[in-house]
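Protein chains in written order, with the numbering used here: chain A, 1 to 290; chain B, 1 to 322.
Treat the hints with care, as some may be off.
Below, a list of computed lysine-lysine pairs in the BS3-like style, where the Cα atoms sit at most 30 Å apart [to be verified]: (1) 262/A with 127/A; (2) 186/A with 166/A; (3) 164/A with 187/A; (4) 81/B with 262/A; (5) 186/A with 30/A; (6) 136/B with 262/A.
Okay, the calculated beta carbon distance ranges per label pair [what the hints assert, rightly or not]: (7) 191/B with 89/A: 19 to 29 Å; (8) 207/B with 5/A: 47 to 57 Å; (9) 275/A with 12/B: 43 to 53 Å; (10) 88/A with 28/B: 47 to 57 Å; (11) 198/B with 281/A: 21 to 31 Å; (12) 284/A with 191/B: 26 to 36 Å; (13) 109/B with 8/A: 35 to 45 Å; (14) 95/B with 284/A: 34 to 44 Å; (15) 89/A with 199/B: 18 to 28 Å; (16) 169/B with 237/A: 50 to 60 Å; (17) 34/B with 8/A: 52 to 62 Å; (18) 119/A with 28/B: 43 to 53 Å; (19) 109/B with 281/A: 17 to 27 Å; (20) 284/A with 106/B: 21 to 31 Å.
A few chain A residues that don't get close to chain B, going by computed Cβ distances all over 10 Å [stated by the list, open to error]: (21) 5; (22) 118; (23) 183.
For the record, the hints were derived by calculation from the structure and aren't laboratory data. Virtual Cβ for every residue (Gly too), placed ideally from N, Cα, C.
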Amino acid sequence: MTEILQLLISGLILGGIYSLIALGMAMIYKASDVVNFAQGEFVMVGAYFGIVFHMILGILFPLAFLLSLVAGFVLGMLIPRFPLRPLIQASPFTIIVATLGVGLILKNGIRLIFEDNLYSLSTPFSKAPIDVAGILMTQLGLFIVGVSIFFTVFTFVFFTYTKKGKAWRALAQSHLGALVVGIDIKKELTLLWGASAALATVGGLLIAPLYGAHPEMGFIILPAFCACILGGFSSMVGAAAGGFILGVTQTFAAAYTSAAAKDIFAFVLMIVVILVRPQGLFGKPITRRV
Amino acid sequence: MTDLLKNRRHWFKITLTMLIGFAAIAPLFVPGYYLYILETIYVGAIITIGYNICMGNAGQISLASAGFQGVGAYGTGILMKFGLSFWSAWPIAIVIGTVLGWFTGLPALRVGGHFLALITLGLVQSLWLVLVNWEKVTGGSAGMRMAAPTLGGMTFSLGSGGAYILCFVSFILLTLCARNIVSSRIGRTFNAIRLNEAAAEASGINLTIYKTTAFAIHAFYAAVAGGLTGVIVGYLDPNEYSIWTSITHLTYIVVGGMGSIVGSVVGTVSLVVLLEGLRFLKELKLLIYGVLLIVFLIFMPQGIVGGLKEVGRAILARGRKE
Numbered sequence: 001m002t003e004i005l006q007l008l009i010s011g012l013i014l015g016g017i018y019s020l021i022a023l024g025m026a027m028i029y030k031a032s033d034v035v036n037f038a039q040g041e042f043v044m045v046g047a048y049f050g051i052v053f054h055m056i057l058g059i060l061f062p063l064a065f066l067l068s069l070v071a072g073f074v075l076g077m078l079i080p081r082f083p084l085r086p087l088i089q090a091s092p093f094t095i096i097v098a099t100l101g102v103g104l105i106l107k108n109g110i111r112l113i114f115e116d117n118l119y120s121l122s123t124p125f126s127k128a129p130i131d132v133a134g135i136l137m138t139q140l141g142l143f144i145v146g147v148s149i150f151f152t153v154f155t156f157v158f159f160t161y162t163k164k165g166k167a168w169r170a171l172a173q174s175h176l177g178a179l180v181v182g183i184d185i186k187k188e189l190t191l192l193w194g195a196s197a198a199l200a201t202v203g204g205l206l207i208a209p210l211y212g213a214h215p216e217m218g219f220i221i222l223p224a225f226c227a228c229i230l231g232g233f234s235s236m237v238g239a240a241a242g243g244f245i246l247g248v249t250q251t252f253a254a255a256y257t258s259a260a261a262k263d264i265f266a267f268v269l270m271i272v273v274i275l276v277r278p279q280g281l282f283g284k285p286i287t288r289r290v
Numbered sequence: 001m002t003d004l005l006k007n008r009r010h011w012f013k014i015t016l017t018m019l020i021g022f023a024a025i026a027p028l029f030v031p032g033y034y035l036y037i038l039e040t041i042y043v044g045a046i047i048t049i050g051y052n053i054c055m056g057n058a059g060q061i062s063l064a065s066a067g068f069q070g071v072g073a074y075g076t077g078i079l080m081k082f083g084l085s086f087w088s089a090w091p092i093a094i095v096i097g098t099v100l101g102w103f104t105g106l107p108a109l110r111v112g113g114h115f116l117a118l119i120t121l122g123l124v125q126s127l128w129l130v131l132v133n134w135e136k137v138t139g140g141s142a143g144m145r146m147a148a149p150t151l152g153g154m155t156f157s158l159g160s161g162g163a164y165i166l167c168f169v170s171f172i173l174l175t176l177c178a179r180n181i182v183s184s185r186i187g188r189t190f191n192a193i194r195l196n197e198a199a200a201e202a203s204g205i206n207l208t209i210y211k212t213t214a215f216a217i218h219a220f221y222a223a224v225a226g227g228l229t230g231v232i233v234g235y236l237d238p239n240e241y242s243i244w245t246s247i248t249h250l251t252y253i254v255v256g257g258m259g260s261i262v263g264s265v266v267g268t269v270s271l272v273v274l275l276e277g278l279r280f281l282k283e284l285k286l287l288i289y290g291v292l293l294i295v296f297l298i299f300m301p302q303g304i305v306g307g308l309k310e311v312g313r314a315i316l317a318r319g320r321k322e
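Use the sequences and the hints to build the structure in full.
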């Protein structure tokens, strides 16, 4: 029993991070039908923001965290302006390739500056295990779970209760309708991309203390995609829930098979969901229009 | 006008024949290092041609080219480790790769666009994970050596004329093959599927067969090239078969021209040559790919070949006016 609970806790740590990244992706997909293949690189750049502000410039952790968020937001706002706006009428293929291009530029830009070194991000939270009723936890683990749940809930509250959130939901329903009621689509999309990149930045800041920051860490995009598909790309609740479900199941799979099987497991799960229930667990059925 | 056109075709054929002739006897006078670059071009072009048929002609998005290439390369290498000769290991690896490609086509029946890209991305990364982690068989992240193939006392060793000719002949044969596929019934069906899937299905095209065929062709070309990679490098490095290699091939296509065999070749040649020229930049290499991708998508979505065609058409139109 304690073993299962122990795995559940580790799964939640992983799942929280996934769900933040997946949430950012689902947000963009709903509002503009773009799947952002550079989201993993946003996570990576976010982690490096943390490294620069906290480790290199020596700013206090909470302040560095906020500064990184702002930097991530600004970075995200650039994407719809530079590569995507000229391609507004383009096919999904073109847009996929464009986001891949953005990812390439970000990844190798970082590699150019920081080279292939592994940087670790230290936090005020200790990694020493605490024993709670036989289950081992760390301050850092609790911090990660707490922050990821906080930002997930914050996103939903924002989308449900604020005027901006309502405007963003309107974008997801119909661009034309949004235009009619006076929503500035270009401006709102820019902000939405910013918000999505900020969520990815949080993801990066939470991964870096655990595994360090490295140019290749954009790999995280695969499980995040899987989380989106599991929950349903057209549902934000689904993406967030999918992240947690995937994190927990992956941890169990890794514990009972091998650590390397973790990501392959995510891939197999993704294929099965796409073949059996393409709309995901929470999404609405996909209809094909002729 | 017709005379001129005839003449131009004439000249084009002569130039092409001479180029192919020179390429065939290149090992006689080209130094080893440049020979290797030419081999890289042939191998890259083979992958790109198959990739382009699947994406440019049939309109099925794929990011799995590096995965299929890896299956071809490691399949050949592993079977040779078990004592098979290159000439039996290579075809078996190609068959395995093609079957895998056929299966990859199955999800394409249910989903398209983004989701297909996701599935193929997942596939290539999973294969890469297998290559890195299955140390007993693949040698893990250290990679594995591949012995040079021999045929009746002749060794196709690294940098030898034999290895070059093997790549060159494969390239020529597969290019001709692709030309026939594209201009045949299959090619026309692919175009119909790309332009309007529902209309194609309504006019009696069996989507199951043709979509899976498109992926099988894509995988076949990549697996053939994979086996050749082992011959020209002599060493298999798992990191050569990750998603970033697929994106490299994608860049060849976008720069050269979607849905065009000439475009695939032109894209491969220009980028391989460009990067050899910019070798001293090392880390910037992939950064340049990223920038090129976006610049071409925005300013020249038809690639070099499409762009040149447009220029040619404009010149002809002006000539007619005068």
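The hints, checked one at a time:
1. With a C-alpha separation of about 23 Å, the suggested pairing of residue 262/A with residue 127/A holds against the 30 Å cut-off.
2. With a C-alpha separation of about 16 Å, the suggested pairing of residue 186/A with residue 166/A holds against the 30 Å cut-off.
3. At roughly 11 Å between alpha-carbon atoms, residue 164/A and residue 187/A fall within 30 Å of each other, so this suggested pair holds.
4. For the hint pairing residue 81/B with residue 262/A, the CA-to-CA distance comes to about 28 Å; that is within 30 Å, so the pair holds.
5. Pair hint residue 186/A plus residue 30/A holds up; C-alpha atoms about 15 Å apart against a cutoff of 30 Å.
6. The suggested pairing of residue 136/B with residue 262/A holds, with an alpha-carbon distance near 19 Å, which does not exceed 30 Å.
7. Between residue 191/B and residue 89/A the beta carbons are some 21 Å apart, a value that agrees with the proposed interval 19 to 29 Å.
8. The supplied range of 47 to 57 Å is met by residue 207/B and residue 5/A, whose beta-carbon atoms lie about 48 Å from each other.
9. Restraint check, residue 275/A to residue 12/B: a C-beta distance of roughly 47 Å satisfies the suggested window 43 to 53 Å.
10. Between residue 88/A and residue 28/B the beta carbons are some 53 Å apart, a value that agrees with the proposed interval 47 to 57 Å.
11. For residue 198/B paired with residue 281/A, a C-beta distance near 28 Å keeps the hint of 21 to 31 Å intact.
12. Against the hinted window of 26 to 36 Å, the Cβ-Cβ separation of residue 284/A and residue 191/B comes to about 33 Å, which satisfies the hint.
13. For residue 109/B paired with residue 8/A, a C-beta distance near 37 Å keeps the hint of 35 to 45 Å intact.
14. Roughly 41 Å separates the CB atoms of residue 95/B and residue 284/A, a value that falls within the hinted 34 to 44 Å.
15. Roughly 21 Å separates the CB atoms of residue 89/A and residue 199/B, a value that falls within the hinted 18 to 28 Å.
16. For the pair residue 169/B and residue 237/A, the beta carbons lie near 57 Å from each other, so the given range of 50 to 60 Å is met.
17. Hint check: residue 34/B to residue 8/A, Cβ distance near 59 Å, so the stated range 52 to 62 Å holds.
18. Evaluation of the 43 to 53 Å hint for residue 119/A and residue 28/B yields a pass: the beta carbon distance comes to about 52 Å.
19. Separation of residue 109/B from residue 281/A is about 22 Å and conforms to the stated range, judged on CB atoms against 17 to 27 Å.
20. Restraint check, residue 284/A to residue 106/B: a C-beta distance of roughly 24 Å satisfies the suggested window 21 to 31 Å.
21. With a cut of 10 Å on Cβ distances, residue 5/A stays outside the contact zone with chain B, its closest approach being about 29 Å.
22. Residue placement check: residue 118/A keeps its beta carbon more than 10 Å from all beta carbons of chain B (closest about 15 Å).
23. Listed as a non-interface residue, residue 183/A keeps its Cβ farther than 10 Å from every Cβ of chain B; the least gap is roughly 25 Å.
Every hint from the earlier list agrees with this structure, and none is contradicted.
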